[in-house]
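Peer 1: These are the residues of each chain, in order.
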Amino acid sequence: MRVLIAEDDPVSRLSLQASLKKWGYEVTTAIDGNAAWEILQKNDCPRLAILDWEMPGLTGVEVCRRVRSSVGRDYVYIAFLTARVLKEDIIEGFDAGADDFITKPFNPRELEGRLRAADRILDLHAELGAIYNASPVAMILLDRDCRIKNLNPTGARLSGLSAGGSSGAAIGASLRCAHGGPHTLENTPACTCWPCLLQRFVAGTQRTEKITREEVILRPLNHSGSEELCFLVSTERLLVTGEDMVLVVLEDISARKKAERSLADLNRTLESRVEQRSAEVYQLLRQKDGFVRRLGHDLKTPLTPLVALLPTVEKRVQDPKAKKMLRLAIRNVEFMRGLVEKTLQLAELNNTNTKPITERIDLGEEIRNVIATLSYILEAAAARVINQITAPVWVLANPLELREVFHNLITNAIKYSEGGATLRIAATRNGRMVTMSFSDEGIGMTAEDTRRVFEEFYKADPSRHDRSSTGLGLSVCRTIVERHGGRIWAESPGLRLGSTISFSLPSGEPDIDRAGATPEETGPCPTTGTQNNPHNPFKPSND
Amino acid sequence: MTKHILVVDDDPSMRETVELLLNEVHPSIRFADGGRQCLEELRAGFRGLILMDVMMPELNGWETIAAIVEEGLDDGNIFCMFTAVQDPEPRMEFLKEYVLDYIRKPFTSEELVAVVDSSLGYLT
Chain A
1 MRVLIAEDDP VSRLSLQASL KKWGYEVTTA IDGNAAWEIL QKNDCPRLAI
51 LDWEMPGLTG VEVCRRVRSS VGRDYVYIAF LTARVLKEDI IEGFDAGADD
101 FITKPFNPRE LEGRLRAADR ILDLHAELGA IYNASPVAMI LLDRDCRIKN
151 LNPTGARLSG LSAGGSSGAA IGASLRCAHG GPHTLENTPA CTCWPCLLQR
201 FVAGTQRTEK ITREEVILRP LNHSGSEELC FLVSTERLLV TGEDMVLVVL
251 EDISARKKAE RSLADLNRTL ESRVEQRSAE VYQLLRQKDG FVRRLGHDLK
301 TPLTPLVALL PTVEKRVQDP KAKKMLRLAI RNVEFMRGLV EKTLQLAELN
351 NTNTKPITER IDLGEEIRNV IATLSYILEA AAARVINQIT APVWVLANPL
401 ELREVFHNLI TNAIKYSEGG ATLRIAATRN GRMVTMSFSD EGIGMTAEDT
451 RRVFEEFYKA DPSRHDRSST GLGLSVCRTI VERHGGRIWA ESPGLRLGST
501 ISFSLPSGEP DIDRAGATPE ETGPCPTTGT QNNPHNPFKP SND
Chain B
1 MTKHILVVDD DPSMRETVEL LLNEVHPSIR FADGGRQCLE ELRAGFRGLI
51 LMDVMMPELN GWETIAAIVE EGLDDGNIFC MFTAVQDPEP RMEFLKEYVL
101 DYIRKPFTSE ELVAVVDSSL GYLT
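Going line by line, the protein sequences match chains A and B.
At position 101 of the first sequence (counting the first as 1) the number is 101 in this note's numbering, and the numbers step up by one without a gap.
At position 41 of the second sequence (counting the first as 1) the number is 41 in this note's numbering, and the numbers step up by one without a gap.
Keep in mind that a hint or two might mislead.
Using C-beta positions, here's what the derived DEER-type ranges look like [as the list claims (entries may be wrong)]:
(1) E418/A x Y98/B: 47 to 55 Å
(2) A322/A x P27/B: 25 to 33 Å
(3) G121/B x T422/A: 26 to 34 Å
(4) T2/B x E455/A: 34 to 42 Å
(5) V313/A x D74/B: 57 to 65 Å
(6) V317/A x P27/B: 17 to 25 Å
(7) A447/A x N23/B: 32 to 40 Å
(8) T428/A x T124/B: 37 to 45 Å
(9) N23/B x P320/A: 26 to 34 Å
(10) E455/A x A44/B: 53 to 61 Å
(11) T124/B x I330/A: 49 to 57 Å
(12) A380/A x D74/B: 38 to 46 Å
Since the hints were derived computationally from the structure, they do not count as laboratory data.
As the structure is a prediction and not an experimental result, all values here were calculated from the model.
Cβ coordinates follow ideal geometry from the N, Cα and C atoms, glycine included.
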């Protein structure tokens, strides 16, 4: 620890010097007040000063006042050395900024104790000062008149400002910004120069009395390049030694902002790339559907002679072996025909971007109609369909598409039941949706089947070259149900334990209205739209 | 009075299939390989049931009917369409009024005979 001894009396000075050296201090001496002030003005002066009260030149008190009035410098601990112990002197000394009084002749142990106390305070100052000076955050302490009371090196570097003296003028009066006028809130509300901003911050705390935070873009003084930096500014009202002050803390968040901006840019780029890729995928899907449609239609014409002529030939042929061959050919031609039709149906349903044209349909009534049209198939398969829908349950659906779903589910149940199917059909309304279920007692499904059975061309047993099913019927059902805003799913307790296909459709029952309450809402004629359009069951007639 | 049938299709297999299925009952069946030949037949005085393919080069089925209507040759004829494709394009929607029935490809022998028989009933 370095210490300055300013004492004109050589005996006292040398005695002190000897003691302090003995205690491990590095001693600098001054023989009068002027010499002491000379030393204390230097930046690297000793932080502990023992000043004689009465000295030639500047008095100890005057030196003390001068030290205290230089703002923004490291703290100097000042102890007065005096023979007189007058109360007035002590008061004057403390008013001038003294930290301690030492009486001559000094008691060595007392002096050593007092100096240790001084060391503690100076160490604390040094630690806090190190933090304050090293902080990357700019800290500027201002009084109510916008005079800078203190600012750390970062604050000084960024703002180009420095702490004024005790008589330091308000920033507004002492600094000028580019607009040239005095810095007042009235004439420069939008100015972003440092003095103007600091004034605004101080005024802000006067209004809110609280901590305020805002992000501001600032151009640091003497900053290389014209790059503007973004700061998070916190202003807080503080009481410092009884004085109302404002602490302005500026944290440079430019790097974070930049990272946020690049992240946002990246996200935007990513989004546009996803959009582009999606568009490409949709384009490919459209091309696929277009290709499937063209291929399907092209296959229909050459299938016609096969479909039309083979059964006729089979009837006319007498040879049993030839008949068997022809039946095999006919079965495969029928399979191809089914494949073409279902594939086209799917492509057609996918192609129609518009929502299906819906009507209010009573599910029970509709099921009875479909059962009637299938009666001879049901009889041939010894299948029993139990329609459990007794009261009207209304849905909003396209009648032709709904009929296709029923048809597929009923024929599926027959196909996948051994020796006489029993199919139970039920419907329940859950709020805005109606759930319909088709439960059979057939061959059942594995857990994987229930998940995948709606996939195109999915067949539970790929090794079985099953020519009775195209593997598309349930895909058609799913497409239709989803077009109507519903959902379709399969459940089965396991193989040989039967399965249930359920699907939901929007309810056709107005919440306030009971089913069929008004005559015009008692449901459409179930055969509407079929007569003029037999070649396309999926486009309702305009008639 | 004999009821006449005209099959308009660019595909020889289709024409031959229809002939094989119908000529035992309707020996007077006639054929055109497209819209132009069909118009020629009508200008030459054909009246009866016309089984018309939709997808044909040059004049498709709908365009052929439009030309027939324009020339005033539709009277006394009944049209049924062989279709693989769907409706006429929207600007030809009105032509549907001239079509009595549709036969979806691929059709069975029974389907064809049923449509032809019922359609012939409308001929006076």
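Peer 1: Does each hint hold? Answer for all of them.
Peer 2: Hints versus structure:
no.	hint	in the structure
1	E418/A x Y98/B: 47 to 55 Å	holds (51 Å)
2	A322/A x P27/B: 25 to 33 Å	holds (28 Å)
3	G121/B x T422/A: 26 to 34 Å	violated (43 Å)
4	T2/B x E455/A: 34 to 42 Å	violated (55 Å)
5	V313/A x D74/B: 57 to 65 Å	violated (37 Å)
6	V317/A x P27/B: 17 to 25 Å	holds (24 Å)
7	A447/A x N23/B: 32 to 40 Å	violated (57 Å)
8	T428/A x T124/B: 37 to 45 Å	violated (55 Å)
9	N23/B x P320/A: 26 to 34 Å	holds (29 Å)
10	E455/A x A44/B: 53 to 61 Å	holds (56 Å)
11	T124/B x I330/A: 49 to 57 Å	violated (39 Å)
12	A380/A x D74/B: 38 to 46 Å	holds (44 Å)
Going down the numbered hints, you'll see the structure goes against 3, 4, 5, 7, 8, 11, while the others check out.
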